[in-house]
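Chemist: Sequence:
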Amino acid sequence: MFPKIVQVVPTEGHTVYVYFEDGKIVCYDVKPLLEKEVFAVLREIDFFIKSCMIMNDTLAWDVSGNRDSSNCIDIDPDTLYMLETVKEEIA
Numbered sequence: 306m307f308p309k310i311v312q313v314v315p316t317e318g319h320t321v322y323v324y325f326e327d328g329k330i331v332c333y334d335v336k337p338l339l340e341k342e343v344f345a346v347l348r349e350i351d352f353f354i355k356s357c358m359i360m361n362d363t364l365a366w367d368v369s370g371n372r373d374s375s376n377c378i379d380i381d382p383d384t385l386y387m388l389e390t391v392k393e394e395i396a
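All residue numbers in the sequence shown are consecutive under my numbering, ending with 396.
Treat the hints as calculated values from the structure; they're not laboratory data.
A couple of the hints might just be wrong.
[As the list claims (entries may be wrong)] Capping the alpha-carbon separation at 30 Å, the derived lysine-lysine pairs in DSBU-like fashion look like this:
id: 1; residue 1: Lys341; residue 2: Lys329
id: 2; residue 1: Lys355; residue 2: Lys329
id: 3; residue 1: Lys341; residue 2: Lys355
id: 4; residue 1: Lys355; residue 2: Lys309
id: 5; residue 1: Lys336; residue 2: Lys309
id: 6; residue 1: Lys309; residue 2: Lys392
id: 7; residue 1: Lys329; residue 2: Lys392
id: 8; residue 1: Lys309; residue 2: Lys329
id: 9; residue 1: Lys392; residue 2: Lys341
id: 10; residue 1: Lys392; residue 2: Lys355
id: 11; residue 1: Lys336; residue 2: Lys392
id: 12; residue 1: Lys336; residue 2: Lys355
id: 13; residue 1: Lys309; residue 2: Lys341
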């Protein structure tokens, strides 16, 4: 099964709520990745939130601002789907 992401909601704590087509919700914590240079652009919280989107059916950040999948940061949907299910904490 290829898990399809239908919605992503970034938070100011560098986490993203990821909603899957089958109803599963996970909360992905990006903070551990921010130490790596490839993810450095996501350290700026405004960019993290504003560029967060679904691209090619997975969680991604549009680095170029042109919805160019060759210039984005994305996370494998299988990796996200394997995370523990959470309840939505966003009000």
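Chemist: None of the hints should be skipped; say for each whether it holds.
Modeler: Quick rundown of the hints versus the structure:
1. Lys341 x Lys329: holds (28 Å)
2. Lys355 x Lys329: Measuring from Cα to Cα gives roughly 23 Å; hence the hint holds.
3. Lys341 x Lys355: Satisfied, since the Cα-Cα distance of roughly 20 Å is no more than 30 Å.
4. Lys355 x Lys309: holds (21 Å)
5. Lys336 x Lys309: This hinted pair holds, its Cα atoms lying about 23 Å apart.
6. Lys309 x Lys392: Measuring from Cα to Cα gives roughly 18 Å; hence the hint holds.
7. Lys329 x Lys392: Cα-Cα ~9 Å, so holds.
8. Lys309 x Lys329: holds (10 Å)
9. Lys392 x Lys341: Within the cut-off at roughly 29 Å; holds.
10. Lys392 x Lys355: holds (23 Å)
11. Lys336 x Lys392: Cα-Cα ~20 Å, so holds.
12. Lys336 x Lys355: Judged against 30 Å, a Cα distance of about 17 Å means the pair holds.
13. Lys309 x Lys341: At roughly 27 Å apart (the allowed maximum being 30 Å), Lys341 and Lys309 satisfy the hint.
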